[in-house]
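Keeping the supplied structure of chain P fixed, place chain Z upon it in accordance with the hints.
Number of protein chains: 2
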Amino acid sequence: MDSFWLNSAFYQASRVLGNTGSNPAVGCIIVNNNEVVGVGATSKNGRPHAEENAIKMAGNKVKGSTIYITLEPCNLANNNFSCTKKIINSGIKRVVIGAFDPNPLTYKKGYNELIKKGIEVVLKKTSFENFLINYSQLCKYFLARPMIGLKMAMSLDGNITNNDIKNQWITSKFSRLHVHQIRSIFDAVMVGTNTMLLDNPSLNIRINGHRHSNYRIVFDKDLKINIKDNLFKTIKKNPLIIFTNKIINKYKYNKLLSLGAIIYEIGLDMNNNLSLDSFIKNIKKSKVKSILLEGGSKIASSFLNKNLIDIIYFYRSSKFTGKGSLNVLDKIKNIDDFELYNTVKLNNEQLEVWINKKIKKLYR
Amino acid sequence: MDSFWLNSAFYQASRVLGNTGSNPAVGCIIVNNNEVVGVGATSKNGRPHAEENAIKMAGNKVKGSTIYITLEPCNLANNNFSCTKKIINSGIKRVVIGAFDPNPLTYKKGYNELIKKGIEVVLKKTSFENFLINYSQLCKYFLARPMIGLKMAMSLDGNITNNDIKNQWITSKFSRLHVHQIRSIFDAVMVGTNTMLLDNPSLNIRINGHRHSNYRIVFDKDLKINIKDNLFKTIKKNPLIIFTNKIINKYKYNKLLSLGAIIYEIGLDMNNNLSLDSFIKNIKKSKVKSILLEGGSKIASSFLNKNLIDIIYFYRSSKFTGKGSLNVLDKIKNIDDFELYNTVKLNNEQLEVWINKKIKKLYR
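For the record, the sequence lines run as chains P and Z.
Every position in the first sequence, counted from 1, becomes a number in our numbering once 17 is added.
Every position in the second sequence, counted from 1, becomes a number in our numbering once 17 is added.
Okay, chain P solo, but in the shape it has when bound:
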């Protein structure tokens, strides 16, 4: 039964992905005598933690119970309000966790503290699917950057433009709605300059049951963004982060700040594009633990060439577009880093999920 309950805890975690601020998305279930007495997930923006929510729900029934947690409970040094302490004080007898927390400040500390207090602790092997739920936390500490997903829609022959102007969309309305479901599990949605200027996107989540305050990130080397763009319409709800090169137009800069935008001034790389190294260095300072990069071909290729993509979501239509259309990728190294992980049929179209092979290596 341990696997069953731990899977249920992961289900709770998956529901709050993209919604937990700088804290990892954690789920937990408290079971007493085969009865679920508490259920919890990390709260919006991070606090209270999953364990606190579940323990509160369980009330008196927490005594003598088993708690299933997707990630090792926090136990920062000398923190009397840590989840580990709360578990100890609650009278819980047994703790089953899905993974150690890779955060060095708490790694194995919660685990060891519980054992020291005479509580039985089990580290349970998870499915790869559940492992992925913890991946952004692993990414943060193992790779020192957010987890980055790449989403692209392409024609049957691998293009992202359509020569037929009567029908500008490559994929169907159904697939385009489905994208919002993927957006919703990331903290931030990001595009490059060209997409920002051409499509005037909102980059928020517009699907019932999944709406939340996601971050929007844009690369805007020459600060061409227009304050009338859709990106500003929901800025109070959805923080906007702009990466730009030397700020020349101070007036515009101040105006953007006053509207609520967060602006990072970063350097250029050898190709005169915004430096991805500087981008990573700066984005790490934010609360963003996971980013969904949504094309175009230039920015996607630059991220792929630096092996910065962890997971790819390819929405593939059943239309051909042929020569003269824009290939889904720009110049690229010979990349064979990905493995097909999952395929989802969307009417006559298809979502393919490709996983970076290096992630498979982290999974034990």
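Treat the hints with care, as some may be off.
It does not matter which identical chain is meant; a pair holds if it fits inside one copy or across any two.
[As the list claims (entries may be wrong)] Here are the simulated lysine-lysine pairs, DSS-like style, with alpha carbons at most 30 Å apart:
#, residue 1, residue 2
1, 190, 350
2, 254, 302
3, 298, 157
4, 241, 254
5, 301, 269
6, 190, 375
7, 301, 374
Hints listed in this document are in silico derivations from the structure and should not be mistaken for laboratory results.
In this text, all values refer to a predicted model and were calculated from it rather than measured experimentally.
Chain Z only, in chain P's frame:
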């Protein structure tokens, strides 16, 4: 049980696809008292027919039996050697067929003749998969042309060239072997001029258990073919059909004929390419009922633009090739004619089979 035995008969037919000359690939099973007493398929190059082979195998046990045939038995007017007559004379009591033969010379004639002679005849609905086994015969009479499959190998981002010259292949050796399995179910393998000149292909079937004498067809507008090309190495076993424009070099023409090549001189279309209408008109005269067209992008696009492709086999690799690679298709109309029919995982690559939607309409 009828469905079970008819499926078995279709399995027999599928084994001889691409190997029956101008005759359709037919399979049959004779069952007497739940015992299989005869099994047959169309012989190499067409004769004897499946029914004759199975009746011969059944011997005396044919009397009172049921015969399952994938296609209505032949009954050309006044033919005392037709399969229909052979069934009547054999003492078979019951006939189950998978389809009427669309050939107007025999359409419903076998069916009606059997009924007239007091034999029970059942036309059974087939699965779509089995329907496809009869499709080249339908194509011949409904569309007045061979069935045409398109096979292309492409990178994850839809290209057929690889910028990395160290690794010219888009797909793995495993996938490239699998292609021979697909080739083997077609009467002919075909390429355009560029592929012929660049790749020097043999276009035969080199996989154990599937070798047979397939036709090879090339488009060679200016008769650039070289008599030292691989295409001539197996010409005695594998007929070679060349389509060309005005024959200027009579010496070369005669030389090619003397080597065994079959040459059709055909006109050009508006774009100065070999006319596909003339191609169809001429290929109809041959024994070729089905063709597997193997790229390149130009010839594939021209066939797609004229809606001449019935089924597409996409071998998709897990590599990216990016900008500067050659898109799998050339200029193309906005084509949305195909439906994903099947996906076959080939290690980390994938074969996708797409079916022309018009075929679905023919299936009842």
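Hint-by-hint comparison with the structure:
In this homomeric assembly, residue 190 and residue 350 come within 30 Å of each other (Cα to Cα) only across copies, at 21 Å, whereas the closest approach inside a single copy is 33 Å. Taking identical chains as interchangeable, the C-alpha atoms of residue 254 and residue 302 lie at most 30 Å apart only when both belong to the same chain, with a minimum of 20 Å there against 70 Å between chains. With identical chains, the CA atoms of residue 298 and residue 157 are at most 30 Å apart within one copy only, with a shortest distance of 12 Å there and 64 Å across copies. For the homomeric pair residue 241 and residue 254, the shortest alpha-carbon distance inside one copy (22 Å) is at most 30 Å, but the shortest distance between copies (66 Å) is not.
In the homo-oligomer, the alpha carbons of residue 301 and residue 269 lie at most 30 Å apart inside one protomer (25 Å), although the nearest pairing across protomers, at 70 Å, exceeds that limit. For a Cα distance limit of 30 Å, the shortest separation of residue 190 from residue 375 across copies, 24 Å, qualifies, whereas the shortest one inside one copy, 33 Å, does not. Taking CA atoms no more than 30 Å apart as the test, residue 301 paired with residue 374 passes inside one copy only; the shortest distance there is 23 Å, against 49 Å between copies.
In this structure, none of the earlier numbered hints is contradicted; all agree with it.
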